[in-house]
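Novice: Under our numbering, the first residue of the sequence shown carries the number 223, and numbering increases by one thereafter.
It is worth saying that the hints were derived from the structure and are not from the lab.
Keep in mind it's a predicted model, so treat the numbers as computed, not measured.
It is possible that part of the hints are untrue.
Listed below are the simulated EDC-like cross-link pairs for lysine to aspartate or glutamate, each with C-alpha atoms no more than 16 Å apart in a straight line [claimed, not checked]:
no., residue 1, residue 2
1, K318, D281
2, K429, D287
3, K425, D351
4, K410, E431
5, K410, E275
6, K332, D399
7, K356, D399
8, K425, D381
9, K332, D287
10, K372, E383
11, K429, E414
12, K356, D400
13, K332, E277
14, K425, D400
15, K356, E414
16, K410, D276
17, K425, D281
18, K318, D399
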Amino acid sequence: MIKTSAAALTSALLLLCAPAMAADLSAFDQPGALVEAPGPWQVRLRALGVLTEDEGSVDGIAGSDLHYSDSVTPELDITYYFTNNLAAELILGTTKANVHTGGSIDSLGKVGSTWVLPPTLTLQYHFTDFGAFKPYVGAGVNYTMFFNQKDSGPFTDMDIENTFGAALQVGFDYMVDDHWGFNVDVKKIFLEPDWTAKLGDTKLSGKAELNPWVIGAGVTYRF
Numbered sequence: 223m224i225k226t227s228a229a230a231l232t233s234a235l236l237l238l239c240a241p242a243m244a245a246d247l248s249a250f251d252q253p254g255a256l257v258e259a260p261g262p263w264q265v266r267l268r269a270l271g272v273l274t275e276d277e278g279s280v281d282g283i284a285g286s287d288l289h290y291s292d293s294v295t296p297e298l299d300i301t302y303y304f305t306n307n308l309a310a311e312l313i314l315g316t317t318k319a320n321v322h323t324g325g326s327i328d329s330l331g332k333v334g335s336t337w338v339l340p341p342t343l344t345l346q347y348h349f350t351d352f353g354a355f356k357p358y359v360g361a362g363v364n365y366t367m368f369f370n371q372k373d374s375g376p377f378t379d380m381d382i383e384n385t386f387g388a389a390l391q392v393g394f395d396y397m398v399d400d401h402w403g404f405n406v407d408v409k410k411i412f413l414e415p416d417w418t419a420k421l422g423d424t425k426l427s428g429k430a431e432l433n434p435w436v437i438g439a440g441v442t443y444r445f
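Start from the sequences, fold in the hints, and give me the full structure.
Specialist: In structure tokens, the structure reads:
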């Protein structure tokens, strides 16, 4: 009697467990079932082209203009995903820019040079319906710091002021797997800092209308 009851109980347990065991075994048959899912953090290493608007002015001088050198620089950004669609991205990089006179004051030549540090924070919406192709749009704020400023030619005491600006962004990641991918990114930063300098004993002031396009391409890693 005891043996019969034990056999019946064993059979019942096997029948109850069979669906769960089958589900577990089928999971091993799925490609990538044992691959760890990516976490909320992502980093990118990109090469950036910084293309300025090449406009500006000196107060009180009609037809005055300013020009700035374009540059290529490495950049690191860090992204945190709140959901699959919403993320925040912090962009870090620095580059050097030269400032030249133009227009009616073109003959005065180079005003000086400065290093530019423009950390930018954007809130992004990521589209997730296109498989490995993952486009996104973003908007945020930029705070640009100008440091190691150096005068040139007849100019002295050049000072470009740190300033806030708005930023718009569009781009995409193409993911090779759950962690690695390629990235292309375009930003428009609205940046018009005030500046001052001396030309002999005359103090000049004006606005540097940089408003750069920032175009980047690089590698993405999600972890």
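Novice: Each of the hints needs a verdict: does it hold here or not?
Specialist: Consistency of the hints with the structure:
Taking the CA atoms of K318 and D281, the gap is about 25 Å. The hint is violated against a cut of 16 Å. At roughly 10 Å between alpha-carbon atoms, K429 and D287 fall within 16 Å of each other, so this suggested pair holds. Taking the CA atoms of K425 and D351, the gap is about 57 Å. The hint is violated against a cut of 16 Å. Proximity of K410 to E431 is assessed by CA-CA distance (about 13 Å); at most 16 Å being required, the pair is judged to hold.
Our distance criterion of 16 Å between C-alpha atoms is met by K410 and E275, whose separation comes to about 10 Å. Between K332 and D399 the CA atoms are separated by roughly 49 Å; this puts the pair beyond 16 Å, and the hint is violated. For the suggested pair K356 and D399, the alpha carbons sit about 12 Å apart, so the restraint of at most 16 Å is met. Annotation: proposed proximity of K425 to D381 holds, straight-line Cα distance about 11 Å (limit 16 Å).
Between K332 and D287, the direct Cα distance comes to roughly 12 Å. Compliance with the 16 Å bound is thereby established for this hinted pair. At most 16 Å may separate the alpha-carbon atoms for a hinted pair to count; K372 and E383 meet this at roughly 14 Å. The straight-line distance between the Cα atoms of K429 and E414 is roughly 6 Å, inside the 16 Å bound, and the hint therefore holds. Taking the CA atoms of K356 and D400, the gap is near 12 Å; set against the 16 Å cutoff, the hint holds.
Between K332 and E277, the direct Cα distance comes to roughly 15 Å. Compliance with the 16 Å bound is thereby established for this hinted pair. The straight-line distance between the Cα atoms of K425 and D400 is roughly 57 Å, outside the 16 Å bound, and the hint therefore fails. Distance hint between K356 and E414 is unfulfilled; the C-alpha atoms sit about 32 Å from each other, more than 16 Å. Straight-line distance between C-alpha atoms of K410 and D276 comes to about 14 Å, which keeps the hinted pair within the 16 Å bound.
Among the hinted pairs, K425 with D281 is consistent with the structure: their alpha-carbon atoms are about 10 Å apart, no more than 16 Å. Using a Cα cut-off of 16 Å, the hinted pair K318 and D399 is violated, with the two alpha carbons roughly 36 Å apart.
Violated hints, in rising order: 1, 3, 6, 14, 15 and 18; the structure is consistent with all others.
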